[in-house]
Amino acid sequence: MNTISNRQVICDVLLEKAKTDRIIMVLTSDSRGSASLTQFAKEFPEQFVEVGIAEQNIVGIAAGLASCGKKVFVASPASFLSTRSIEQIKVDVAYSQTNVKLIGISGGVSYGALGMTHHSVQDIAFVRSIPGIKVILPADRHETANLVEALLKEEDPVYVRIGRNPVPDVYESSNYDFQIGKAVTMHEGDDATIIATGEMVYAAVIGARLLKEQGINCRVLNMHTIKPLDEAAILKAAKETKCIVTIEEHSIYGGLGGAVAELVAQQGSVPMRILGIPDQPAIAGKSAEVFAHYGLTGANLAETIKTLLADLAR
Amino acid sequence: MNLIRQLESKAREIRRAVVELIYQAQMGHIGGSLSSTDLLTVLYYGIMNIEPKNIKDPNRDRFILSKGHSVEAYWCILADRGFFPEEELKTFGQFGTRLICHPNNEVPGVEMNTGSLGHGLSLGVGMALAGKRDQADYRVFVLMGDGELAEGSIWEAAMAGAHYQLDNLVGIVDRNKLQISGTTEAVMSIEPLADKWQAFGWNVVEINGNDVQEIYDALSSVPKVPGKPTLVLANTIKGKGVSFIENQAGWHHRVPTPEEYEQALQELA
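Heads up: the sequence lines are chains Y and U, in that order. Taking the numbering used here, the leading residue of the first sequence gets 1, the next gets one more, and so forth. Taking the numbering used here, the leading residue of the second sequence gets 1, the next gets one more, and so forth.
Since the hints were made in silico from the structure, they are not lab data. In this text, a Cβ means the ideal position worked out from N, Cα and C, and glycines have one as well. One or more hints might be untrue.
Unchecked claim - So the derived list for chain U, only partly shown, Cβ under 8 Å to chain Y, looks like this:
id	residue
1	55
2	108
3	111
4	112
5	116
6	122
7	124
8	127
9	156
10	160
11	162
Please build the complete structure, drawing on both the sequences and the hints.
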């Protein structure tokens, strides 16, 4: 079982890169510990800025720094970053097109028992409705490493959401073709398609394995980039497979499922189901408990697809 | 003619251009544009190191119009300084224009988009911090409205500016004492303003913000206190220069009638 969190990976890559790339700047909102960036703050004080608990200010300062040529990474809890500072994200980052990478840490339900105030299961919906900013959720530590490398080359604003705890690996290494905006096919199949993002890619792979044992071949797309969406991969799946089920650690409204549905409804009619957090404050508990409660598991995915395929065959 | 006389004359010229621009477009924020015209004129013709031919010069001084709705004087000045053709002012507020009713960084010379109030000072803190970290000697000027100071984010930025000892950062408050619904003190009291900024760690300089000499003296001698950001509390008259617009909250964004337009131009002749 992997014990390295995605936030630790972000710090490790930035520590390595900051040695030669002196325009990297890292900003935290009293969140250097929870972002695993304490080491970065110690080693590169000239490339680190503590803003205090002020999310509007951190995003505005980030935009100002970026306008002066810095590559800015803001690491702040996803719940606050994506709501308290949403207008700064809209205006100062996306509209002004500043090179700011917003890293929403402790995202989804990973704050567990801290409850609704600390959960961020609306962030994809908020941010992806703003023009000029990309939205990305890496699936595991290997993808996170690839992502940070890509972010350092990317000039557009990006919102990234990661969880708090180490998550199971879905890749053996970071040696695979990662490109922002390109889905990764994790499992081949033509009976049905599962599209997953972030930590839910693991559940998707488990679900596909369970189905394979029962003779159902599922395609699994890791849609790490929700905006811009890999429309070609989705439309291909809509054409070649009988149904699409999406799964995400996010509200059933406006997230990955919403994005896929917007496309499929207009260009590639195929039955769909959206698995996510229902329209209510998420229940308190450890991530795995919350996922099980809402059916965000490989087993429930497999059941959902079997039922859907059976309905279609009727 | 000495510099101060030249700046005064330029400010009068810009005021006329503002009235013409608003009358031609039949829209605009006339009160706040006229109150801040002297401040903008001194910045753009007497203080800031900026060059229209080299708008990306890393060592240029930065300006942010945090009170973005007072864009008319800003557009007139940028056009006059040669950042874009004066002819383009005719498109102000028209369909598809880049000269919208708020600063827009598609227009050369505009650093950042503003319009939603309370954003500018954080942007300025970021720019000034970049300057400090790069050991550059440019300065950052942020023009805020007084009504805008009710935005909490301004005070988040005020804290950060003092915390990081950004003496290359200058906040200017266009203290015209009026906002759209009435006086600032009736809508949401912000006094004692000088004390507030001082308490947040800023060096406060209070001036008559419609007196070119006082503005020039204040802005040409920053930082006054090494290690402290400067706040220029510029007491102004909303609608300054046109008798019947001065000090009237109702002229926040009213457009002159043909008769009022003629009279305004006469007064500004």
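Tell me the numbers of any earlier hints that the structure contravenes, in ascending order. 1, 2, 11
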